[in-house]
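There are 2 protein chains.
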Amino acid sequence: MTVSKESQARLGEVAARVAGHVEQAMRLDIAEALQNCDPLLAEVLEYAIFGGGKRIRPLLTVLSSTICGRRDDQLYLLAAALEYLHVATLIHDDVIDHARTRRGRESVRNKYGMAVAILAGDWLHARSMHLIGQLTGPDGLSVFCRATGAMVDGEYLQIRHAGNLALTEEKYFAIIERKTASLIASTCMLGAMFAGGTSAQQQALGRYGQKVGVAFQVVDDLLDYLGNQKETGKKVGNDFLEGKITLPLIAALEKANEEEHKELHSLLTGDRSDVQSCERLRVLLDRLGGFRFARDRAESLVQEAVASLEMFITGDEQESYQLLVAIAGYILARKQ
Amino acid sequence: MTVSKESQARLGEVAARVAGHVEQAMRLDIAEALQNCDPLLAEVLEYAIFGGGKRIRPLLTVLSSTICGRRDDQLYLLAAALEYLHVATLIHDDVIDHARTRRGRESVRNKYGMAVAILAGDWLHARSMHLIGQLTGPDGLSVFCRATGAMVDGEYLQIRHAGNLALTEEKYFAIIERKTASLIASTCMLGAMFAGGTSAQQQALGRYGQKVGVAFQVVDDLLDYLGNQKETGKKVGNDFLEGKITLPLIAALEKANEEEHKELHSLLTGDRSDVQSCERLRVLLDRLGGFRFARDRAESLVQEAVASLEMFITGDEQESYQLLVAIAGYILARKQ
Chain A
1 MTVSKESQAR LGEVAARVAG HVEQAMRLDI AEALQNCDPL LAEVLEYAIF GGGKRIRPLL
61 TVLSSTICGR RDDQLYLLAA ALEYLHVATL IHDDVIDHAR TRRGRESVRN KYGMAVAILA
121 GDWLHARSMH LIGQLTGPDG LSVFCRATGA MVDGEYLQIR HAGNLALTEE KYFAIIERKT
181 ASLIASTCML GAMFAGGTSA QQQALGRYGQ KVGVAFQVVD DLLDYLGNQK ETGKKVGNDF
241 LEGKITLPLI AALEKANEEE HKELHSLLTG DRSDVQSCER LRVLLDRLGG FRFARDRAES
301 LVQEAVASLE MFITGDEQES YQLLVAIAGY ILARKQ
Chain B
1 MTVSKESQAR LGEVAARVAG HVEQAMRLDI AEALQNCDPL LAEVLEYAIF GGGKRIRPLL
61 TVLSSTICGR RDDQLYLLAA ALEYLHVATL IHDDVIDHAR TRRGRESVRN KYGMAVAILA
121 GDWLHARSMH LIGQLTGPDG LSVFCRATGA MVDGEYLQIR HAGNLALTEE KYFAIIERKT
181 ASLIASTCML GAMFAGGTSA QQQALGRYGQ KVGVAFQVVD DLLDYLGNQK ETGKKVGNDF
241 LEGKITLPLI AALEKANEEE HKELHSLLTG DRSDVQSCER LRVLLDRLGG FRFARDRAES
301 LVQEAVASLE MFITGDEQES YQLLVAIAGY ILARKQ
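The listed protein sequences derive, respectively, from chains A and B.
Reading the first sequence from the start, the letters are residues 1 to 336 in my numbering.
Reading the second sequence from the start, the letters are residues 1 to 336 in my numbering.
For the record, the hints were derived by calculation from the structure and aren't laboratory data.
Treat each hint with caution, since some may be false.
Examples of chain A residues lying across from chain B (beta carbon under 8 Å, computed) [unchecked claim]: (1) LEU28; (2) ILE30; (3) ALA31; (4) ALA33; (5) ASP38; (6) ALA115; (7) GLY137; (8) PRO138; (9) TYR156; (10) LEU284; (11) GLY289.
What follows is a list of derived Cβ distance ranges for each label pair [said to hold, decoys possible]: (12) A:HIS265 / B:GLN74: 52 to 58 Å; (13) A:LEU241 / B:THR101: 30 to 36 Å; (14) A:ARG10 / B:ALA162: 48 to 54 Å; (15) B:GLU43 / A:LEU165: 19 to 25 Å; (16) A:GLY51 / B:THR198: 42 to 48 Å; (17) A:ALA307 / B:GLU46: 37 to 43 Å; (18) B:VAL275 / A:ARG146: 47 to 53 Å; (19) B:GLU106 / A:ASP73: 45 to 51 Å; (20) B:PRO39 / A:SER273: 40 to 46 Å; (21) B:GLN74 / A:ASP97: 38 to 44 Å; (22) A:ARG146 / B:ASP73: 20 to 26 Å; (23) A:GLU106 / B:GLU46: 36 to 42 Å; (24) A:GLU106 / B:GLU43: 30 to 36 Å.
Only a predicted model underlies this, so the values are computations on that prediction, with no experimental measurement involved.
The beta-carbon is built from N, C-alpha and C at its ideal position, and this holds for glycine as well.
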């Protein structure tokens with residue numbers, strides 16, 4: 001699936017405009033919430049929230065609501081709430097992974113210490129839930145909390161299977177469906193709920209978000225091997241270093257003959273911090289078609305995502321539809 | 001203020017009964033929420049939630065609702081939600097403090113590692129919010145999220161003032177009002193809101209919870225110096241070791257002459273892990289009336305808490321009133 005240059009340019013414009021609105025909503029909301037609070041809290045939140053970020057999740061919320069017929073200032077606040085949760089998970093992830101940097105800057109954990117980082121994540125978590133409860137009621141909150149629960153569940157599944165070379169493709173997808181996709185699905189669904197969309201519309205957008213979320217993670221896992229550190233802002237080969245078993249490797253293990261199997265095993269159980277091991281692994285994965293396999297899967301998922309939006313093809317909100325399709329295409333094209 | 005033996009015994013009975021109901025509610029809720037989830041998540045939650053604990057917060061919720069005229073099975077679920085949040089904060093606190101033990105057992109962090117601990121706290125946080133949104137609606141959720149926000153704010157204030165010997169009594173109370181009392185206040189207030197209590201009833205119970213919460217922390221800080229490790233399950237002198245400035249010390253510094261001031265300073269800026277330093281500090285604090293001062297403050301706060309309940313003296317729920325009074329008295333009597 002390819003997206004026309006025109007569509008891409010239009011997506012870029014809209015994304016920037018929405019990001020501006022959402023950032024404005026976050027600034028106002030934080031200022032209101034932090035009245036009489038400790039200045040350190042304000043400083044840390046400012047640092048964590050306004051340090052870049054693609055703002056894809058809030059864009060999905062805005063488009064999912066718009067395609068169901070509602071766009072107003074409150075919508076940007078809902079989108080802000082979803083971005084808060086995303087930022088909270090990044091802050092906690094960086095504590096868990098002992099990450100020193102995030103988006104080319106020091107991580108919150110590194111700059112302010114673990115205690116401040118964990119607490120800042122908790123604050124954003126609470127604020128996010130508060131806004132979602134206000135804006136979408138108990139039903140929306142329920143969708144959202146199920147998704148955050150699933151996220152934790154996916155992380156546990158991943159932790160339990162770290163270094164497990166027998167991880168199946170099925171389990172791999174089970175992990176990323178929970179860890180990454182469930183929250184993106186809820187991001188879309190909440191937009192539809194906020195707009196008062198029909199149940200069918202909510203389901204369609206939730207399915208779109210689910211597929212896009214899984215594709216996003218598959219591409220993320222590909223970029224971990226193939227990305228350019230300058231573009232991704234992340235060290236290449238990080239998953240290999242941490243013993244995370246991802247799709248290119250699973251597919252390669254499936255195809256490997258006895259000798260190749262042995263070599264893959266020895267690379268993965270040996271000194272993974274050795275740069276040459278990572279390079280050698282990449283060569284093997286490429287030769288065994290692991291990257292191609294993952295790429296194909298991502299493409300199918302994106303097609304399925306787009307197909308989920310069928311009911312909107314003839315709707316009133318042509319532009320929102322086109323933009324959601326363009327986002328799905330962008331997932332495949334992204335380099336960071 | 002002293003509470004009769006009879007009242008104490010009755011409180012013990014009711015507390016045990018309510019704890020049983022709340023634990024049952026937590027078991028059912030967790031089982032429902034964890035359908036198809038990773039078994040590790042179930043194991044960790046079981047370990048974290050059912051490892052003892054006084055269940056004071058859920059008891060306060062139950063009594064605050066009952067005194068406003070409502071008690072049913074749903075109430076125990078609301079109380080469970082408040083206990084979840086409490087457990088979540090303990091799990092995150094133990095990560096932050098690198099605590100190896102909790103209630104005489106290994107901490108979650110120690111037993112399962114930091115990643116699992118942070119994520120378990122996040123899961124409980126989300127589940128708690130979900131239930132509170134369902135049971136008390138957006139208004140209840142708003143009260144609750146403000147309280148959790150205040151808790152983080154109080155922790156930040158405390159972090160910023162760690163080791164600050166010039167900490168004033170006013171700042172000390174500002175810290176513990178946010179860190180400890182705001183959540184206990186919301187625990188009571190949500191009980192009243194759940195029962196459909198009048199605004200005056202909600203305010204009265206919120207004020208009661210606020211005062212009880214502050215008194216609770218003052219006594220906690222006293223027990224840190226004077227408690228018996230076997231009874232409290234915590235190492236005595238921990239606050240001193242961590243450089244936390246609490247009320248006995250603030251009061252003693254206020255009273256100290258030049259020489260005593262010097263000695264206090266040298267103890268606090270010297271090797272705090274020295275057992276003899278802690279013992280010497282205790283002697284000084286006692287001589288300067290620091291413990292007496294903190295004790296008096298706790299007693300006044302408990303009296304204020306009880307006074308907040310005035311409107312319920314002549315109400316229909318005499319027993320709930322008596323039990324809330326007994327809890328306030330228990331705060332002063334507790335040894336753990």
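Taking the numbered hints from earlier one at a time, note which ones the structure violates and give those numbers from smallest to largest.
-> Checked against the structure, the hints that fail are numbers 1, 2, 3, 10, 11 and 20, while the rest are satisfied.
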